[in-house]
Amino acid sequence: MYVYQSIAQSLADHGLDTMFGLMGDANLFMVDHFVRGAGATFVPVAFEGSAVLMALAHGRVAGKVGIATVTHGPALTNCITALTEAARAHVPMVLLAGDTAVSNPHNLQNIDQRETVKITGAGFEQMRAPETASYDVAHAIFRAQVEKRPIVLNMPADFMWQEVEHTRHVFPAFTAASYVPEGDDLDQAVGMIASAKRPIILAGIGAKNAVPQIQALADRLEAPLATTLKAKGMFNDHPYNIDIFGTLSTPAAYDAIGKADCIVAFGTSLHHFTTDKGALMKGKRVVQINNTVTEIAKNYHPDAALIADAGLTADNIVWWLNEAEIPGSGFTAELDIAALTAHPKGDPDKAKPGFVNFEYALDRLEEALPKDRFLTTDGGRFMTEVWCRVSCPNAESFIATTNFGSIGLGLQVAIGAGYAVPNRPVVLFTGDGGFMMGGINEFNTAVRMKQDLIVIVANDSAYGAEHIQFLDRKMDPGLSMFDWPSFAQVGTALGGHGVLVESNDDLDRAIAAIETRDKPLLIELRLDPNDVPRMRI
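Residues are numbered in the working numbering as their position in the sequence shown, beginning at 1, plus a constant of 1.
If you're looking for bench data, these hints aren't it; they were derived computationally from the structure. Each hint should be verified, as a subset may be incorrect.
[Stated by the list, open to error] Straight-line C-alpha distance at most 30 Å; calculated DSS-like pairs for lysine-lysine:
{"#": "1", "residue 1": "Lys65", "residue 2": "Lys209"}
{"#": "2", "residue 1": "Lys198", "residue 2": "Lys285"}
{"#": "3", "residue 1": "Lys451", "residue 2": "Lys372"}
{"#": "4", "residue 1": "Lys299", "residue 2": "Lys209"}
{"#": "5", "residue 1": "Lys260", "residue 2": "Lys285"}
{"#": "6", "residue 1": "Lys451", "residue 2": "Lys353"}
{"#": "7", "residue 1": "Lys260", "residue 2": "Lys278"}
[As the list claims (entries may be wrong)] Just the calculated beta-carbon pair ranges, DEER-fashion:
{"#": "8", "residue 1": "Pro394", "residue 2": "Pro106", "range": "51 to 59 Å"}
{"#": "9", "residue 1": "Ala253", "residue 2": "Val294", "range": "33 to 41 Å"}
{"#": "10", "residue 1": "Pro45", "residue 2": "Gln189", "range": "53 to 61 Å"}
{"#": "11", "residue 1": "Lys520", "residue 2": "Asn105", "range": "38 to 46 Å"}
{"#": "12", "residue 1": "Asp532", "residue 2": "Ala343", "range": "18 to 26 Å"}
{"#": "13", "residue 1": "Asp484", "residue 2": "Ala174", "range": "48 to 56 Å"}
{"#": "14", "residue 1": "Lys520", "residue 2": "Lys260", "range": "45 to 53 Å"}
{"#": "15", "residue 1": "Asp519", "residue 2": "Gln127", "range": "40 to 48 Å"}
{"#": "16", "residue 1": "Lys520", "residue 2": "Phe43", "range": "53 to 61 Å"}
{"#": "17", "residue 1": "Ala253", "residue 2": "Lys475", "range": "13 to 21 Å"}
{"#": "18", "residue 1": "Glu367", "residue 2": "Pro106", "range": "51 to 59 Å"}
{"#": "19", "residue 1": "Ala343", "residue 2": "Arg115", "range": "49 to 57 Å"}
{"#": "20", "residue 1": "Ile120", "residue 2": "Ala13", "range": "30 to 38 Å"}
{"#": "21", "residue 1": "Asp348", "residue 2": "Lys260", "range": "27 to 35 Å"}
Here a beta-carbon is modelled for each residue, glycine too, at the ideal position from N, C-alpha and C.
Based on the sequences and whatever the hints tell you, model everything.
This is how it looks when you write it as structure tokens:
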């Protein structure tokens, strides 16, 4: 077969059946064979960076390596922000990137693609020769799994029509769980936990596979459970879940955390939003458990640390507590969880004419949106209120595009997640700036691919984070404000169904449209830029 066929077959050899991308000179024949020869699905995007974001979400939610493809030069440079987001999210994925022919160094699209990729934090794998194509694909997939980051496989265009004998290569990724069974580090950690009077268990997304074990430890300690933002929803069903830990906590929960004397953190790097720049850790013993050594003390230096698997370590700690006959702390008996997790209700009468109150709209949408939703959020001033007020079924049903601080990434992630949960609706909250930057490119992709997608655009006609900074310094915010087109009309023009919400009555109509949707739905919430809640960070 030809090299382009061998590349596509290598993906099929790994059981990978969904690819996101944009075709060009160096990858179009490979994409064609992936679809026609391997019977797989190709999702054509409008902008190259979207392919990376969709593959990121699909891979994470489906529990496999995400696959994206673009051609060379400007196609790859259009992926820089997306690759950085994926690298910082520690998501295994492979970007099959074409490269210009070695024999044509004066090609207009020729750049040093290795150096371009390097700045993003992604890995780079060079396809070495036509006869090594299947091996190089397999090795790139292996690296993505064990390094937990995107790997860009560089494919020279002049290899594609070379004849080769395809060899099946599939390399197992060695990910055996490990934990610390004995030693001073374990003794120190267990001692701190056993002596705590008011312990709290904190879990990040790195502990997503250890929920039962962590809950068992919390029950044994009589300790409340909390999560980082990325692990939102992880302990939804537990009676002592106090939701998100840190600057996104309710004031009552923040005060309760302040009274704790020990934080046992699983699968989190203790980001400064989680710790409120260390303020929530003062006066407490902090025990950090993470299976990646570089995540320990990355943002905050703990008092004890274990480089270990979350589930096995939680079981191990329970065993030692039982051996020493340590009594429960009794901390949960002091807490009123309902009061700790209640956010103030939005006021429907607060908004000026032509606008809707954001908190009130979110409260209504929380009740009206499908309960089995997959929740995604873009970046922007609106997002922290969404994280606090709109729930998701579990931590596996939520992605926030927050790793690089960019706006305009959310809709692409929503589409990728939708391919991993094809029988569930995906809900995206985005801002007006984020939708114009990235969402408008791909809303029609969701229409073309018949996705069950509900997009809520928080339109305050401004770049909100900048708007509030001008106001805080008593400056004219005019340069941060925009006279956008009607996003509801844009959604309809792109093939979906748009609903404009400028009043509480309009909100009722939007909620009715959720129930009757038969195509991607865009709900535009018109917000007063001077009455949008501040970001809780």
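A quick look at each hint next to the structure:
1. Of the supplied pair hints, the one linking Lys65 and Lys209 holds, its CA atoms being roughly 15 Å apart against a limit of 30 Å.
2. Between the alpha carbons of Lys198 and Lys285 the distance comes to roughly 11 Å, so the proposed pair stays at or under 30 Å and holds.
3. For the suggested pair Lys451 and Lys372, the alpha carbons sit about 21 Å apart, so the restraint of at most 30 Å is met.
4. With a CA separation close to 20 Å, the supplied pair Lys299 and Lys209 stays within the 30 Å bound.
5. For the given pair, Lys260 sits about 9 Å from Lys285 by alpha-carbon distance, which is consistent with the 30 Å threshold.
6. Distance check on the hinted pair: Lys451 and Lys353 sit about 37 Å apart at the alpha-carbon level, beyond 30 Å; violated.
7. For the proposed pair Lys260 and Lys278, the alpha carbon gap of about 17 Å is at most 30 Å, so the pair holds.
8. For the hinted restraint 51 to 59 Å between Pro394 and Pro106, the CB-CB distance of approximately 53 Å keeps it satisfied.
9. Distance hint check: the CB atoms of Ala253 and Val294 are about 36 Å apart, consistent with the given range 33 to 41 Å.
10. The beta-carbon spacing between Pro45 and Gln189, approximately 54 Å, falls within the hinted interval of 53 to 61 Å.
11. Distance hint check for Lys520 and Asn105: the Cβ-Cβ separation is about 44 Å, which falls inside the suggested range of 38 to 46 Å.
12. About 22 Å separates the C-beta atoms of Asp532 and Ala343, a value consistent with the hinted range of 18 to 26 Å.
13. At roughly 51 Å, the beta carbons of Asp484 and Ala174 sit within the given window of 48 to 56 Å.
14. Lys520 and Lys260 have their C-beta atoms about 50 Å apart, which keeps the hinted 45 to 53 Å range intact.
15. The beta-carbon spacing between Asp519 and Gln127, approximately 47 Å, falls within the hinted interval of 40 to 48 Å.
16. The given range of 53 to 61 Å is broken by Lys520 and Phe43, whose C-beta atoms sit roughly 21 Å from each other.
17. For the pair Ala253 and Lys475, the beta carbons lie near 33 Å from each other, so the given range of 13 to 21 Å is not met.
18. Against the hinted window of 51 to 59 Å, the Cβ-Cβ separation of Glu367 and Pro106 comes to about 57 Å, which satisfies the hint.
19. Separation of Ala343 from Arg115 is about 52 Å and conforms to the stated range, judged on CB atoms against 49 to 57 Å.
20. One distance hint, 30 to 38 Å for the beta-carbon pair Ile120 and Ala13, holds here, with the actual separation near 32 Å.
21. The hint said 27 to 35 Å for the Cβ distance between Asp348 and Lys260, and at roughly 31 Å that hint holds.
Checked against the numbered hints given earlier, this structure breaks hints 6, 16, 17; the rest are met.
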